[in-house]
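Colleague: Note that the protein sequences, when read in sequence, are chains A and B. The numbering of the first sequence is the working numbering, which starts it at 242 and goes up by one. The numbering of the second sequence is the working numbering, which starts it at 564 and goes up by one.
Keep in mind that the hints were calculated from the coordinates and are not lab data. Given the structure is predicted, the values throughout are model-derived calculations rather than measurements. Idealized CB from N, CA, C, for every residue including glycine. It is possible that part of the hints are untrue.
As the list claims (entries may be wrong) - Over 10 Å on every C-beta distance to chain A, these chain B residues come out as not near it, computed from the model: (1) 586; (2) 625; (3) 643; (4) 644; (5) 645; (6) 649; (7) 668; (8) 682; (9) 684; (10) 750; (11) 782; (12) 800; (13) 834; (14) 844; (15) 849; (16) 865.
To be verified - Pair ranges (Cβ atoms, derived): (17) 688/B x 419/A: 53 to 63 Å; (18) 419/A x 831/B: 26 to 36 Å; (19) 419/A x 747/B: 41 to 51 Å; (20) 262/A x 691/B: 51 to 61 Å; (21) 338/A x 831/B: 55 to 65 Å; (22) 688/B x 348/A: 21 to 31 Å; (23) 669/B x 377/A: 24 to 34 Å; (24) 637/B x 375/A: 44 to 54 Å; (25) 841/B x 402/A: 23 to 33 Å; (26) 338/A x 759/B: 52 to 62 Å; (27) 370/A x 632/B: 50 to 60 Å; (28) 338/A x 701/B: 44 to 54 Å; (29) 432/A x 637/B: 18 to 28 Å.
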Amino acid sequence: MNSVASLQAPRFGALGVYAVLYLAFIYIPVLFLPLFSFNDSIYIAFPLKGFTLQWYVNMANSDGLMTSVYNSLRVGAVVAVLATTLGTFAAKAVTRYKMPGRGPVITFIMLPLVIPGIIMGIALLIIANMTGLGLSLYTVGVGHLLVSTPFAMLIMVSRLEGFDKNLEEASQDLGESAWSTFWRVTFPLALPGIIASLLLSFTISFDEFILAFFLSGTNTTLPVYIWGQLRFPTKLPTVLALGTCILVISFFVVTFAEWFRRRGVSLKTSSGI
Amino acid sequence: MSDNDFIWINAVTKDFGDVRAVDNVDMKIRRGEFFSLLGPSGCGKTTLLRILAGFEAPTIGEIIIDGQPMSAVPPHQRPVNMVFQNYAIFPHLDVRQNIGYGMRKSGLSKEEIHAKVDEMLEMIKLEGYGPRRSTELSGGERQRVALARALIKRPKVLLLDEPLGALDKKLREQMQLELRALQREVGITFVFVTHDQEEALTMSDRIAVMSKGEALQVEEPVELYETPNCRFVADFIGTMNFFEGTVTALGDGRAEVDAGPLGTVSAGSPPDHVTQGAGVMVAIRPEKLSITSERPDGQTNMVEGRIGPSAYLGDRSHFYIDLEGRSSPVAVASQNMERVSDRISGGSGQQVWLSWTEESVVLLPPE
Numbered sequence: 242m243n244s245v246a247s248l249q250a251p252r253f254g255a256l257g258v259y260a261v262l263y264l265a266f267i268y269i270p271v272l273f274l275p276l277f278s279f280n281d282s283i284y285i286a287f288p289l290k291g292f293t294l295q296w297y298v299n300m301a302n303s304d305g306l307m308t309s310v311y312n313s314l315r316v317g318a319v320v321a322v323l324a325t326t327l328g329t330f331a332a333k334a335v336t337r338y339k340m341p342g343r344g345p346v347i348t349f350i351m352l353p354l355v356i357p358g359i360i361m362g363i364a365l366l367i368i369a370n371m372t373g374l375g376l377s378l379y380t381v382g383v384g385h386l387l388v389s390t391p392f393a394m395l396i397m398v399s400r401l402e403g404f405d406k407n408l409e410e411a412s413q414d415l416g417e418s419a420w421s422t423f424w425r426v427t428f429p430l431a432l433p434g435i436i437a438s439l440l441l442s443f444t445i446s447f448d449e450f451i452l453a454f455f456l457s458g459t460n461t462t463l464p465v466y467i468w469g470q471l472r473f474p475t476k477l478p479t480v481l482a483l484g485t486c487i488l489v490i491s492f493f494v495v496t497f498a499e500w501f502r503r504r505g506v507s508l509k510t511s512s513g514i
Numbered sequence: 564m565s566d567n568d569f570i571w572i573n574a575v576t577k578d579f580g581d582v583r584a585v586d587n588v589d590m591k592i593r594r595g596e597f598f599s600l601l602g603p604s605g606c607g608k609t610t611l612l613r614i615l616a617g618f619e620a621p622t623i624g625e626i627i628i629d630g631q632p633m634s635a636v637p638p639h640q641r642p643v644n645m646v647f648q649n650y651a652i653f654p655h656l657d658v659r660q661n662i663g664y665g666m667r668k669s670g671l672s673k674e675e676i677h678a679k680v681d682e683m684l685e686m687i688k689l690e691g692y693g694p695r696r697s698t699e700l701s702g703g704e705r706q707r708v709a710l711a712r713a714l715i716k717r718p719k720v721l722l723l724d725e726p727l728g729a730l731d732k733k734l735r736e737q738m739q740l741e742l743r744a745l746q747r748e749v750g751i752t753f754v755f756v757t758h759d760q761e762e763a764l765t766m767s768d769r770i771a772v773m774s775k776g777e778a779l780q781v782e783e784p785v786e787l788y789e790t791p792n793c794r795f796v797a798d799f800i801g802t803m804n805f806f807e808g809t810v811t812a813l814g815d816g817r818a819e820v821d822a823g824p825l826g827t828v829s830a831g832s833p834p835d836h837v838t839q840g841a842g843v844m845v846a847i848r849p850e851k852l853s854i855t856s857e858r859p860d861g862q863t864n865m866v867e868g869r870i871g872p873s874a875y876l877g878d879r880s881h882f883y884i885d886l887e888g889r890s891s892p893v894a895v896a897s898q899n900m901e902r903v904s905d906r907i908s909g910g911s912g913q914q915v916w917l918s919w920t921e922e923s924v925v926l927l928p929p930e
């Protein structure tokens with residue numbers, strides 16, 4: 242009896258306390274951001290002085306800040322599209338074709354995931370200088386592409402492995418070439434994965450700091466700009482306001498991506514009787 | 564090119580690495596025929612079907628369909644369509660879009676395609692199912708949609724990869740009849756892969772029995788059953804009793820074989836491989852053996868034995884007869900045309916006679 246009851250309704254015991262502490266540890270520091278972004282004081286300290294939207298106004302009026310936001314959005318968007326495209330084709334190759342060296346190829350694509358960002362940053366910086374390319378948002382983009390493609394590929398591999406390869410064969414059998422089969426069958430079925438991959442690659446690029454720090458020239462992305470601003474205490478509340486905006490937007494984007502990914506799962510079944 | 568070699572599988576071999584999936588298969592399939600590839604799993608029948616569809620390229624050999632060599636023709640340009648084992652219904656499309664999928668390049672207008680899909684829906688008796696998603700279909704309905712999706716293209720050849728395997732027994736038997744009737748109606752050549760010998764016998768005009776990548780025998784169902792050409796075919800299709808023997812006399816369209824525990828067996832129309840003094844495998848179907856309690860008159864082939872286990876199946880009975888000097892019992896199937904009790908009363912252990920005609924004996928090459 243006892244064991245059944247405890248299975249049905251676990252009591253709020255040690256694990257419950259642990260769970261609450263865990264969540265508090267993650268989210269309470271983050272919640273200070275919006276709290277102080279509305280605080281009418283340049284000092285990040287209690288007690289709160291009063292409500293203000295001043296920092297949000299400053300944020301909108303700061304050219305440097307808005308430029309770096311715009312830079313980050315541009316780099317993120319381009320990286321998302323390129324990483325997802327590369328990741329999709331790579332995933333298609335490793336899931337669909339019996340090619341020689343499949344294992345090593347996957348390993349090499351995945352490798353940037355485990356190489357420390359600072360090492361990658363230095364290596365790419367050396368290359369950029371050696372080749373005389375110079376530092377710009379392009380070099381930042383290339384760096385971000387390198388780290389987000391493995392994620393894109395991982396997402397796409399799991400998506401493509403999920404559906405029956407007979408579907409692609411059936412399409413070819415019915416008269417569509419490999420290319421039109423991709424657009425009529427593979428793409429629509431992989432779409433939830435593609436959306437998820439776009440959003441994830443964008444997010445990775447948007448908040449990546451180390452590579453951007455090494456690889457950006459005078460024109461920086463947002464994280465690098467914020468880091469630069471931290472030296473000036475008066476600018477800090479503005480950064481908090483921006484952080485709050487990003488937090489809210491990220492929350493919606495990630496929720497949407499996850500919703501879309503889950504919705505896709507139900508599309509998957511093709512052979513179940 | 565005649566209708567007799569509409570499809571020519573010309574000396575086709577397919578290797579996957581070290582594994583030889585299809586081994587020098589050479590056969591011709593007639594126009595409008597219901598042709599089955601029959602064999603246990605791993606015998607190469609599905610690989611051969613995929614070679615016909617163009618999904619696999621033969622390592623050696625060539626496929627010729629209606630006089631056209633196929634090696635340079637990719638799957639999407641071949642005049643064949645396939646019904647996949649799991650049906651491969653597109654999950655992101657509804658039934659109407661699935662059936663019309665292959666019509667994009669047909670040159671027909673939207674209205675014409677719509678009408679054609681309606682025609683197919685009517686043919687497979689799924690009128691009104693057009694807007695349904697594939698996830699809302701039962702196994703039998705999916706099978707029909709897959710069939711319609713392939714047949715709407717009016718292929719020269721329809722390839723079917725165990726399309727009935729996933730259905731339950733009752734539905735499978737119903738679909739066997741429907742499929743056969745449909746094939747007669749549309750007149751398209753069907754190449755049908757199955758591991759179910761009964762299914763192959765029921766549906767096919769001709770059957771190729773495959774084992775380990777080789778096509779052992781290509782024949783009509785009756786011939787395949789009555790005159791198998793090797794032990795594998797004889798064993799795979801139906802039940803067969805085998806006895807090792809030696810040819811003692813040959814001539815006059817008959818052969819005499821010393822078959823050990825079975826005694827001297829007289830066989831009619833011996834095949835070419837039978838030679839005087841050589842080893843031979845004597846094969847007799849259970850239902851060709853007559854079982855009597857008295858020694859039968861006027862029969863050359865007979866042997867005395869003892870009834871072992873038996874089973875009464877209503878319309879027929881199965882007996883296992885122990886012969887002197889033979890470890891495995893002989894299977895006998897007997898139609899219960901009269902009340903059994905009078906004929907074989909003693910049950911297990913009773914002394915009985917088995918007899919059979921010369922023509923019911925099949926002589927196979929020795930192992």
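Colleague: A separate judgement is required for each hint: does it hold in the structure or not?
Modeller: How the hints compare with the structure:
1. 586: The assertion about residue 586/B holds, with a minimum of 21 Å to chain A.
2. 625: Check passes; 20 Å lies beyond 10 Å.
3. 643: Non-interface label fails for residue 643/B: nearest chain A Cβ at 8 Å, not farther than 10 Å.
4. 644: violated, 6 Å
5. 645: Not fine: 5 Å to the nearest Cβ puts residue 645/B too close to chain A.
6. 649: violated, 4 Å
7. 668: violated, 6 Å
8. 682: Since the minimum Cβ distance to chain A is about 17 Å, residue 682/B lies beyond 10 Å and the statement holds.
9. 684: Consistent with the label, residue 684/B stays out of reach of chain A, its closest Cβ about 17 Å off (over 10 Å).
10. 750: Its Cβ never comes within 10 Å of chain A, the nearest being 21 Å, so this holds.
11. 782: holds, 29 Å
12. 800: Answer for residue 800/B: holds, closest chain A Cβ roughly 28 Å.
13. 834: holds, 41 Å
14. 844: holds, 41 Å
15. 849: Residue 849/B clear of chain A: closest Cβ-Cβ about 35 Å, beyond 10 Å.
16. 865: holds, 51 Å
17. 688/B x 419/A: 53 to 63 Å: Since the Cβ atoms of residue 688/B and residue 419/A sit about 34 Å apart, the hinted range of 53 to 63 Å is violated.
18. 419/A x 831/B: 26 to 36 Å: Given range 26 to 36 Å: violated, Cβ gap about 57 Å.
19. 419/A x 747/B: 41 to 51 Å: Roughly 35 Å apart at Cβ, these two residues miss the hinted range, so it is violated.
20. 262/A x 691/B: 51 to 61 Å: holds, 59 Å
21. 338/A x 831/B: 55 to 65 Å: holds, 56 Å
22. 688/B x 348/A: 21 to 31 Å: Given a distance of about 53 Å, which is not inside 21 to 31 Å, the answer is violated.
23. 669/B x 377/A: 24 to 34 Å: For residue 377/A against residue 669/B, whose Cβ atoms are near 52 Å apart, the range 24 to 34 Å is violated.
24. 637/B x 375/A: 44 to 54 Å: This hint holds: roughly 47 Å between Cβ atoms.
25. 841/B x 402/A: 23 to 33 Å: violated, 56 Å
26. 338/A x 759/B: 52 to 62 Å: violated, 33 Å
27. 370/A x 632/B: 50 to 60 Å: holds, 58 Å
28. 338/A x 701/B: 44 to 54 Å: violated, 34 Å
29. 432/A x 637/B: 18 to 28 Å: holds, 26 Å
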